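Undergrad: Let's have the full structure, built from the sequences with the hints guiding it.
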Amino acid sequence: MNETERDRRVDAAWSAASREEPPPSLDAAIRGAARRAVDAAPRPKRDKHWWYPLAAAATVTVLAVGIIQLTPPEQVAPTIVADMTVAPREANKDVARPLASADTKIVEPSTPINAASAPPATPSPPAQPPARRDQMAASDSLARERAEAPATERDTPKQSPAARRELAAQDKLASAKSDAAANTAASPAAGVPGTAPPSRSEPFPAAAAPEPQREAAAEERKPAPNTPAGAAATRVARSAAATNAEEAQTKSKVAMAKVATTDEAKAKEASARSVEEWIKRIRDLKNEGRLDEAAKELAAFRNEYGERADALLPADLRAMKAQPAK
Amino acid sequence: MPAPAATTDEELMLAYAAGDAAAFDALYARHKGGVYRYLLRQCRQGGVADELFQDVWMNLIRARASYAPTAKFTTWLYRLAHNRLVDHYRASAHLTLVSADDEAHEETVAALPGARSDQPQVRAETRELGERLRAAVAALPPAQREAFLLQQEGGLSLAEIADLTGVGMETVKSRLRYALAKLRGDLVDLDDGLRESLG
Chain A
1 MNETERDRRV DAAWSAASRE EPPPSLDAAI RGAARRAVDA APRPKRDKHW WYPLAAAATV
61 TVLAVGIIQL TPPEQVAPTI VADMTVAPRE ANKDVARPLA SADTKIVEPS TPINAASAPP
121 ATPSPPAQPP ARRDQMAASD SLARERAEAP ATERDTPKQS PAARRELAAQ DKLASAKSDA
181 AANTAASPAA GVPGTAPPSR SEPFPAAAAP EPQREAAAEE RKPAPNTPAG AAATRVARSA
241 AATNAEEAQT KSKVAMAKVA TTDEAKAKEA SARSVEEWIK RIRDLKNEGR LDEAAKELAA
301 FRNEYGERAD ALLPADLRAM KAQPAK
Chain B
1001 MPAPAATTDE ELMLAYAAGD AAAFDALYAR HKGGVYRYLL RQCRQGGVAD ELFQDVWMNL
1061 IRARASYAPT AKFTTWLYRL AHNRLVDHYR ASAHLTLVSA DDEAHEETVA ALPGARSDQP
1121 QVRAETRELG ERLRAAVAAL PPAQREAFLL QQEGGLSLAE IADLTGVGME TVKSRLRYAL
1181 AKLRGDLVDL DDGLRESLG
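Line order of the protein sequences matches chains A and B.
Sequential numbering of the first sequence, starting at 1, is according to the working numbering.
Sequential numbering of the second sequence, starting at 1001, is according to the working numbering.
Note that these hints are calculated values from the structure, not bench results.
Do not rely on the hints blindly, as some may be mistaken.
[Unchecked claim] Ranges of calculated distance between the beta carbons of each label pair, as one might list FRET restraints:
{"no.": "1", "chain 1": "B", "residue 1": "R1090", "chain 2": "A", "residue 2": "R35", "range": "29 to 39 Å"}
{"no.": "2", "chain 1": "B", "residue 1": "R1062", "chain 2": "A", "residue 2": "I68", "range": "55 to 65 Å"}
{"no.": "3", "chain 1": "B", "residue 1": "E1170", "chain 2": "A", "residue 2": "A12", "range": "21 to 31 Å"}
{"no.": "4", "chain 1": "A", "residue 1": "A12", "chain 2": "B", "residue 2": "G1166", "range": "28 to 38 Å"}
[As the list claims (entries may be wrong)] From the derived model, a few chain A residues whose C-beta atoms are all more than 12 Å from chain B:
{"no.": "5", "residue": "W51"}
{"no.": "6", "residue": "I68"}
{"no.": "7", "residue": "T71"}
{"no.": "8", "residue": "P72"}
{"no.": "9", "residue": "A295"}
{"no.": "10", "residue": "A299"}
{"no.": "11", "residue": "Y305"}
None of the values given here were measured: they were computed from a predicted structure.
Yeah, the Cβ is synthetic: ideal placement off N, Cα and C, and Gly gets one too.
TA: Okay, here's the thing in structure tokens:
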């Protein structure tokens, strides 16, 4: 740049003379506008969905809390409560004490332990009918007895003695039908429909029937006299027995359905109650010198109770040799 | 956060266009005085200069996204100021930028009022060096004054002034030659003062 286009003295004088600046308010206004323009510009998308993980975590938390609130605590407690209520009873109870009655008391709301310590053992509503409670108690006690029973006993068919008696009666009735031509004595259950017929495999007939009935049954078991009148009487008895057998079978089927659930506890109770009588009977037979019968009874007892028989039997009878039950 | 001094105007403008407000602050601090004085000397009214000044920077802010460093930032900035000034002239319709060296406009130049420094009352008021110099510049024809101000305040070269004003480089040379001659003539009696001011 030559001298005509630039004068050093003028430049210096102008630099010294021209020093005006915009007012500070104008500076602030322009800078503020510049910042606002930058801040108003669209931001990157990284902040757009920042709340997604937060919302997911909150949803999971709410669902978890809701499920916990809606889930009744009884669903977790039953096993513990049942163990707590049963354990002391089983520890203190006598061996001969009926299991069914003890188990039934566990679920009764009037039981102090249940009323004081825990809610009902099952989540079902407490206003169940007594029959339902009995069924539940019976099934509960049956399951507990199965769990306590030895393996050999558990492998056998899961039938109560009463049900087994019913099945035995049906088998005998069926055999009586098929053996119509035979001249042997009629089935012992034919003449007494509605009562539990004593059977060979019945473990404790004395408890099932009163003594006079057993004697009557023994009388019926005796072979009929081999005379024409006796044969006619036998045929009449057989036809009546067949008719009664059908009726008994029908009734027994209906009764089985009811008895199998509700009366199992009673049967258990009867079974447990007859242990002492059964032992007394064996001891009486032994003392009377009827060792064969005592051995048979002992064999039946052992057959019924399996490995538990030794625990139930007194020492003098435990050592006694039992004949195999016929 | 002030930008480093080594950062060029173009880099600062690009940074501001990318969202860096601090870059604008640095850029504004560098050029606010020159632009303001350029506008102030041209329109000679402080209030109008403030308005024009704000408009220039607002236009820059709005045009930041379209900025491309194809030329010097100063050229772009003073082009914005020049355009805003032309709009102001057109709106007020009282002044036309003419060149004193344009032979076709010699009569117009002759008809222009003389420097305020020639007037006795003004001379009395502008005793000081700065005031008389500013008055001398203000007395220049608008085209010469604009070329002079762009050179002094904006630091633009002849080519840049020619590009900004839309005239040839020789025209710019002529305008500057006339302007300096005028100023020298007005400031002859101030040589002593100039020497003192220059140290």
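Undergrad: Of the hints given before, which are not true for this structure?
TA: No numbers; nothing is violated.
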